[in-house]
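Trainee: Protein chains in written order, with our numbering: chain A, 168 to 550; chain B, 0 to 427; chain C, 50 to 218.
Hints are not guaranteed to be accurate.
Said to hold, decoys possible - Below, in silico cross-link-like pairs of lysine to any residue (SDA-like), each with a Cα-Cα straight-line distance of 25 angstroms or less:
#1 A:217 x B:23
#2 A:269 x A:417
#3 C:215 x A:417
#4 B:50 x B:373
#5 A:217 x B:152
#6 B:326 x B:152
#7 B:394 x C:57
#8 B:421 x B:152
#9 B:421 x C:186
Stated by the list, open to error - To give an idea of the chain B side of the interface with chain C (calculated C-beta under 7 angstroms), a few residues:
#10 129
#11 130
#12 151
#13 170
#14 185
#15 186
#16 188
#17 303
#18 340
#19 342
#20 346
#21 349
These are calculated hints, taken from the structure and not from any lab test. Note that the Cβ used here is the ideal one computed from N, Cα and C, for glycine as well.
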Amino acid sequence: MTDPNTLSPLDLETPEKPFLDANELVINMGPQHPATHGVLRVILRLDGEKVLGLECVIGYLHRGVEKIAENRTYTMFNPYVDRMDYVAAVSNGLGYCEAVEKLLSVEAPPRAQYIRVILTELNRIASHQLWLGTHALDIGAITPLFYTFRDREEILKIFEKYCGARLTTHAFRIGGLQYEAYDGFEKDVKNFLLFFAPKIDEYEELLTTNRIWLERTKKVGIISGKDCIALGVTGPVLRASGVKWDIRKAQPYANYKNFDFEIPTGQNGDTYDRYLVRMAEMRQSLRIIQQAVDGIPEGPIIAKVPKVIKPPVGEIYHSIEAPKGELGYFIVSDGSTQPYRVRVRPPSFVNLQALDVMCRGQLVADVIAVIGTLDIVLGEVDR
Amino acid sequence: MHAFIQYIQSYLDSNQTPGAAGNVFWAFIYILLVFVGLSVAVIAMNWLERKILAHMQVRLGPMRVGPHGLLQPIADALKLLIKEDIMPAEADGFVFWVAPFIVVLAAFTVFVVVPFGPTHAITDMNIGILFMLGVSSLSVLGIVMAGWASNSHYPLIGALRSSAQMVSYEVAMGLAVVSAILMTSLNEQGTGTLSMIGIVQAQQTQGMWFIFKFFPLGLIAFFIFAVAMIAETNRAPFDLPEAESELTAGFHTEYSGFRWSLFFLAEYSAMIAVSSIAVTLWLGGWLRPFPNFLTGPTWDLVFSLFPGFTFLFLAGMCFYSTARMPKHPLFRIQTMGLAGFGAALALIGLVLFHPQVRLRIEDIYWFCAKVAAFMYLYIWYRGTFPRYRFDQLMKVGWKILLPMGLGVLILTATVGLWPLIKQTIWHP
Amino acid sequence: MAPVATPFFFYLLSGTMLIGGILVITRKNAVHSALALIVTLLAQAAIYLMLYAPFVAGVQIILYAGGIMVLFLFVIMLVSIERTMKERQFNKQWLVGIAAAGALGGLFMAVYTKGKGIFPEHALPTAEAQNTQAVGSLLYGQYMFAFEIASLLLLVAIIGAVVMAKKRI
Chain A
168 MTDPNTLSPL DLETPEKPFL DANELVINMG PQHPATHGVL RVILRLDGEK VLGLECVIGY
228 LHRGVEKIAE NRTYTMFNPY VDRMDYVAAV SNGLGYCEAV EKLLSVEAPP RAQYIRVILT
288 ELNRIASHQL WLGTHALDIG AITPLFYTFR DREEILKIFE KYCGARLTTH AFRIGGLQYE
348 AYDGFEKDVK NFLLFFAPKI DEYEELLTTN RIWLERTKKV GIISGKDCIA LGVTGPVLRA
408 SGVKWDIRKA QPYANYKNFD FEIPTGQNGD TYDRYLVRMA EMRQSLRIIQ QAVDGIPEGP
468 IIAKVPKVIK PPVGEIYHSI EAPKGELGYF IVSDGSTQPY RVRVRPPSFV NLQALDVMCR
528 GQLVADVIAV IGTLDIVLGE VDR
Chain B
0 MHAFIQYIQS YLDSNQTPGA AGNVFWAFIY ILLVFVGLSV AVIAMNWLER KILAHMQVRL
60 GPMRVGPHGL LQPIADALKL LIKEDIMPAE ADGFVFWVAP FIVVLAAFTV FVVVPFGPTH
120 AITDMNIGIL FMLGVSSLSV LGIVMAGWAS NSHYPLIGAL RSSAQMVSYE VAMGLAVVSA
180 ILMTSLNEQG TGTLSMIGIV QAQQTQGMWF IFKFFPLGLI AFFIFAVAMI AETNRAPFDL
240 PEAESELTAG FHTEYSGFRW SLFFLAEYSA MIAVSSIAVT LWLGGWLRPF PNFLTGPTWD
300 LVFSLFPGFT FLFLAGMCFY STARMPKHPL FRIQTMGLAG FGAALALIGL VLFHPQVRLR
360 IEDIYWFCAK VAAFMYLYIW YRGTFPRYRF DQLMKVGWKI LLPMGLGVLI LTATVGLWPL
420 IKQTIWHP
Chain C
50 MAPVATPFFF YLLSGTMLIG GILVITRKNA VHSALALIVT LLAQAAIYLM LYAPFVAGVQ
110 IILYAGGIMV LFLFVIMLVS IERTMKERQF NKQWLVGIAA AGALGGLFMA VYTKGKGIFP
170 EHALPTAEAQ NTQAVGSLLY GQYMFAFEIA SLLLLVAIIG AVVMAKKRI
């Protein structure tokens, strides 16, 4: 790893003087704006259409999730984490359950781990689909949104059949799973794999070589790998800047070391590379699901966990690779049934810091493209 | 009474436009017809755009109001009319009030010279095409005024974008138009014309649509115009002034209700207007396809039956959908309505088969069919393309279309004058 | 066909032009002034039409009302209204202005009364259909040189504007 102290200072020098001493225009974008993906408020300083700088104002969706944790038992808090990144609820649950399991020093049985991987990767695909649809919509292509939502529906159907919920699934329990996979689960997943592989090509057909799409995304919102590391940016954004960092490989959890997959990376760190990386990630997820569904072992689905969870005094930090980046849970236990403190490291919140760096000197239209490409969920940013 | 019938008869026998004949009454009737026809076209376009776009995007589109959502545009219009008319407190009242009217006036006035047929135009001006370009360029004023008067940042940026875009693309558009006008002068007298009817007649006498003239020069000029006209009407992929993901709704963000609907009306009639220019200049206006290859009375008859068959086809679609409507008592009224609509269409189709009507209506039909093809293209683009960024839009306008337009203009002039040039070079 | 060039229309249009012109200089809000100017220009285009000069009328609409005025508005819109509202409407040269206007009016009157013989009693009935072609052949035939000189002038203006606007070339 690079020593953070040797990193170059970020490229944040004062913007050049506005042209012809024209008054700079301050525009308030959001919190109610069609392209801010929730209640994000961005204050833009513009010279004509050029962005001189911007400031994010967040907190409109603050629900105090971390504080709630201090008044709930470990089991009771589990459904709350689904409400943070509500388009990738399964990943949130996985991170939380694994963190508590680590604190308890138990491990979920293999069958539970395989089903967890299948559901998490399905959720990664669903999250990327939602990102693709809204990102393309922001750039003006309205049709991909309906294509991705049509196909996302198939994933949500599997979730619904498995645990009864489509969005905030609460699929996992501390120590494993509550529900055994339903009859035909494997068949459904396999059908989805067959169904979905050509759909990615369909999305790519609409966008990847589209002239306007290329012009709108290439060399837009460039961020270097160095800047990404300095700002703590993770996930596809980091990988598109050429840094091969994926927690599934770097610090394998949940059996990921048994699966064979690649980490797609880009070189330029622009919006187009991030698009390609995410498209490739969907394909890699399909690969992982294929291996997992082929090799689901028999056995119990939940480890021996006490009825009342009382972890020993101590603290734990556990992070997983959520669709949007590194999702970490820092839990401090005082030995009681309730956590003393839970701190979440949400990928969207940290990635959002890069917005200013990525947008300076670009045009208003690029701000929209960059917000889309960062793939933020405000529920996770504000918590 | 007899005089009145004679009056009508005199019109039916005339081979002039009402404007040229100086017939105020018929001109008035024509203006009314064009106005009503245009409004109906905008309403139909509203429904068609939503339906076609929906089917491109694996959805159904409006289905609730009337059979297959046929009454949806009317419901929308009613909703807009009874909606509260909000004017921002800090807005410039008079300018805010007058802006939508300027846009609508500009969009509708151009139809004065649109030739639906050799006699089916309100009037024919000697400066027809110049008039169309000039008056349609006035709508920029309305847009700029709307954006400024709202006294709000998003509309202001939208208006700035819009005016810059329209002024830029007018240049390329004008060059393409000029190269088509040059082609009208290729006759014995060497005199071209700016009159809309004259341009179509020039294509008739030269026996060729200008899109195929001096291949590929005519085609390139047409292509330049086809791109510029989308930018002129602020439609996807050049819909930056109203890019909803960036500027909410652009210059009409602060407008609501009836005034907003005026902008909507103006946008769609402007689309029809520029498509009419393209059809007139390059696609032979009211001329039927293949006027020179498929000649003779038989072909004339076949082509003159097209309008009737089109309506019968639409009626058939209605009857087919009627048969497929859910057999539920709650759907009875809808089913009956759809059947009635189909019957009306079929009736119109049958009337159109009458020889007198057929011959009178044929040119209007072909003109409208060509314009409708452009309308479909507009919808198709919207469903396919992402949106250009502003600097890229300007780059396309100034660095690609403008040089191309200049090149086509010079080449057209050279090719057109080639006999003369050859003469001066070889036989000085 | 009944002629449209009746005195009624002439007085209507000239009245519109005069009112528009007065509004241009009396409005405090620059955008309102620009709008009044557009009305004036459009009325002027209509007067050209009355004089059987449709081409000039069309060019007037395209260039002045459609093109130049949009650029005018473009600039004016970006000027803060609050600041212009505070500025004084007229400067102190109104005496000179009235004198100049009076002199110009006197000149017109003198030409009109003294030189009645020069002007024809009725406007020459030019055929409308030939007007555009005539303008074209004169512009590109007899007055070719003057036309090109004028376009050179415009080119100089364009280059000057670019040099002024661009910080580095």
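Trainee: Does each hint hold? Answer for all of them.
Mentor: For each hint, the structure was consulted:
With a CA separation close to 54 angstroms, the supplied pair residue 217 of chain A and residue 23 of chain B exceeds the 25 angstroms bound. Proposed proximity of residue 269 of chain A and residue 417 of chain A is supported: the alpha carbons are some 18 angstroms apart, at most 25 angstroms. At roughly 51 angstroms between alpha-carbon atoms, residue 215 of chain C and residue 417 of chain A are farther apart than 25 angstroms, so this suggested pair is violated. For the proposed pair residue 50 of chain B and residue 373 of chain B, the alpha carbon gap of about 16 angstroms is at most 25 angstroms, so the pair holds.
Restraint check for residue 217 of chain A and residue 152 of chain B: satisfied, since their Cα atoms lie roughly 14 angstroms apart, inside the 25 angstroms limit. About 53 angstroms separates the Cα atoms of residue 326 of chain B and residue 152 of chain B, which puts this hinted pair outside 25 angstroms; it is violated. For the hint pairing residue 394 of chain B with residue 57 of chain C, the CA-to-CA distance comes to about 49 angstroms; that exceeds 25 angstroms, so the pair is violated. In summary, the hint linking residue 421 of chain B to residue 152 of chain B is not supported, as the alpha carbons are separated by about 59 angstroms, beyond the 25 angstroms threshold.
Among the hinted pairs, residue 421 of chain B with residue 186 of chain C is consistent with the structure: their alpha-carbon atoms are about 22 angstroms apart, no more than 25 angstroms. For residue 129 of chain B, the suggested interface contact is upheld, since its CB lies about 4 angstroms from the closest CB of chain C, less than 7 angstroms. For the restraint placing residue 130 of chain B at the interface with chain C, the shortest Cβ-Cβ distance is roughly 6 angstroms, inside the 7 angstroms limit, so the hint holds. Because the beta carbon of residue 151 of chain B sits about 12 angstroms from the nearest beta carbon in chain C, more than 7 angstroms, this interface hint is broken.
Interface hint status for residue 170 of chain B: violated, as the beta-carbon distance to the closest one in chain C is roughly 10 angstroms, over 7 angstroms. Interface hint status for residue 185 of chain B: violated, as the beta-carbon distance to the closest one in chain C is roughly 15 angstroms, over 7 angstroms. About 13 angstroms separates the beta-carbon of residue 186 of chain B from the nearest beta-carbon of chain C, more than 7 angstroms, and the hint is not met. Given hint, residue 188 of chain B at the interface with chain C, is violated; its Cβ is 10 angstroms from that chain's nearest Cβ, farther than 7 angstroms.
Among the interface hints, the one on residue 303 of chain B is violated; its C-beta lies about 31 angstroms from the nearest C-beta in chain C, farther than the 7 angstroms criterion. Look at residue 340 of chain B: its Cβ only gets to about 42 angstroms from chain C, farther than 7 angstroms, so that hint breaks. Taking 7 angstroms as the C-beta contact cut-off toward chain C, the hint placing residue 342 of chain B at the interface is violated, the least distance being around 44 angstroms. Interface hint status for residue 346 of chain B: violated, as the beta-carbon distance to the closest one in chain C is roughly 39 angstroms, over 7 angstroms.
A least Cβ separation of about 39 angstroms between residue 349 of chain B and chain C goes past the 7 angstroms threshold, and the interface hint is therefore violated.
In summary, the structure is inconsistent with hints 1, 3, 6, 7, 8, 12, 13, 14, 15, 16, 17, 18, 19, 20, 21 from the numbered list given earlier, while agreeing with the others.
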